[in-house]
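Trainee: Sequence:
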Amino acid sequence: MATMLPSLSNVVELTQALVRIPSVNPDGDPGTTETGEQACGEFVAAFLERIGAKAVLEEVQPGRPNVIGRFPSNLGADGRKKPCIVFGPHLDTVGVGGMTIEPFSGELRDGRIWGRGASDTKGPMASMLWALKTLGAQAIAELPVEVHFAGFMSEESSQHGSRHFAENHPDYAFALVAEPTSLKTVLKHKGCLWDDVVTTGLAAHGATPEKGVNAITKMAAIIQALDTEFRDLLVELGGVDELLGCSTLNIGMIHGGTRSNIVAAECTLRVDIRTTPALHRAGGAAKLLREFIARTDPTAHTCSVSEAMPLDTSADNPFVKHLVACGAEITGAPWFCDGAFLAAEGIPSIAIGPGSIAQAHTKDEWIDVAELEAGAAFFVNFLRTLRL
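In this text, residue positions in the sequence shown follow the working numbering: the first is 1027, and each later residue adds one.
These are calculated hints, taken from the structure and not from any lab test. The reader is advised that the hints may include incorrect statements.
Here are the simulated DMTMM-like pairs of lysine to aspartate or glutamate, each with C-alpha atoms no more than 20 Å apart in a straight line [what the hints assert, rightly or not]:
id, residue 1, residue 2
1, 1244, 1317
2, 1244, 1222
3, 1210, 1039
4, 1108, 1197
5, 1210, 1342
6, 1080, 1168
7, 1313, 1394
8, 1389, 1136
9, 1313, 1262
10, 1159, 1039
11, 1244, 1197
12, 1313, 1333
13, 1108, 1039
14, 1210, 1399
15, 1159, 1399
16, 1210, 1255
17, 1389, 1060
18, 1313, 1255
19, 1389, 1053
20, 1389, 1133
21, 1244, 1221
22, 1107, 1221
23, 1210, 1317
24, 1080, 1197
Based on the provided sequences and hints, a complete structural model is requested.
Mentor: Printed below as a string of structure tokens:
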């Protein structure tokens, strides 16, 4: 790779170097003109090449690649190709608007590394990369698995990177997706559906509202039904998961009408539904919402905006069992990540990494150095002690 790497002595310096490379997701309000994952991807690819992997950049969108590193692997004792696992952090970060610290400083202060992405997820990514460096390509080749690394673009919006990777590279036995989980094994998380509910009416002069049909008034009845009956239905069909609780509904945005003196001809409500694996298996939130709206108001309709599937990896998976044996206890999460999109294409996945999700996306994001070092040591131990 053409990218020049600095001399890096430890996982702290690697994290600092990654934080200093802006890779802000351009969607929404990035707060900077330095957006996209190209520079970060090139740096990671160069690092992977330095430690013995063959690295490639796969462009998913213009100037926005995934980076994939493949370490050499010897054949198994039976002469066959070994199962393949992938370490999968994401390259992008959320925006930097409103931050109270220099977002790309990578400052080391008070036992912490500060800056955008330090926690989510350049610190966890660095811990994975440093573990691979510590083991070295020769030792990795002798492991009972073939080891790959995939840095995903656009996790913070639409998850284009993991979707592209899973569709084009489905042959993995397991994926460890980097997120700040306090080194716990997140094998379950909720899915997320954003859906618009639309009511239509008939415009009329505000002075004679009886001549029109008010779409906002129609929506008010739907909101009441969603806030009561539909919430109960989510629990009834989706149950109460032991790690995740029940599926939830948030009524997040509403827009209707054009002027105060015109009867509103249209109204749109956006809802956010967080779904348990059980609700997904029962047919999913989109179908449930569509049928509920049809019963409540046959003149209304729904329109899906985006959907992320829940994650539900078995605790009996041998890689999960090994993670637990290494000290990474099982847990669930209210957020979602790239692991769900890998799992949807048949790759058993979990999320794991040092640091706390409480620091992710914050105005003064940081990761604790001790946790970062513990993460690198954990991944070394996970690989060294892996037996299949």
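Trainee: Return the numbers of the hints above that this structure violates; sort them in rising order.
Mentor: Violated hints: 3, 7, 11, 13, 16, 22 and 23; rest satisfied.
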